[in-house]
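Please build the complete structure, drawing on both the sequences and the hints.
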Amino acid sequence: MSLMPYWVRHLRNLATRDPVWRALEDPFTAFSRDPFFRDPLKYVRQAVTPYEQSLEGVYSDHEVKADGKKVEVHLDVSNFTPEQIHVKTVGNEITVEGRKEVKREDGWTRSHFERRFLLPEGFPPERVECHLDKGKLRLVAFRDQPLPEREISINHWNAHPKNSSSFGRTPPLEF
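Read in order, the letters of the sequence shown correspond to residues 1 to 175 in the numbering used here.
All the pointers check out, no bait thrown in.
Listed next, the in silico DSS-like pairs over lysine-lysine satisfying Cα-Cα at most 25 Å (straight line):
id: 1; residue 1: Lys-136; residue 2: Lys-69
id: 2; residue 1: Lys-136; residue 2: Lys-70
id: 3; residue 1: Lys-100; residue 2: Lys-88
id: 4; residue 1: Lys-88; residue 2: Lys-70
id: 5; residue 1: Lys-88; residue 2: Lys-65
id: 6; residue 1: Lys-69; residue 2: Lys-88
id: 7; residue 1: Lys-65; residue 2: Lys-136
id: 8; residue 1: Lys-100; residue 2: Lys-134
id: 9; residue 1: Lys-134; residue 2: Lys-65
id: 10; residue 1: Lys-100; residue 2: Lys-136
Just so you know, these hints were derived from the structure itself, not from any lab.
Owing to the predicted nature of the structure, the values given are computational and were not obtained by experimental measurement.
Below you can see the structure in the form of structure tokens.
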């Protein structure tokens, strides 16, 4: 009779109770318990999020809202006066342009921006309105006259397909 099963059983029981033995048995379990090693991208996202939010104000100078009846574009043009901003439509496109020049004793400062927005189908350029309030430019494009509601009739081909000889065949479409 061998004492080996007795000692192995004893070591197994010790490994389940003692954290040192548990770490020696499987050295990678310590990594699996640490939340960083479970989802490292979560920590990268948490570290990057404040920087992304700080850059949003720099690069997102416009906001577009659309529903079924109108499309709105909000632009931040607080660095320009109303005389320095020009809005025009060319075809199905709205162009917003701001241009200013400031002369100083040590030189010139020029600022220029141009934004182009393509109008969706069904929004004619004649129905575009522009409003400026406290440095915020709001462009609103209204949908052309909505299509009237109409009832579509249903054609019945075979009321009783059992009595019909054309059961299983579809009739041709007539225009």
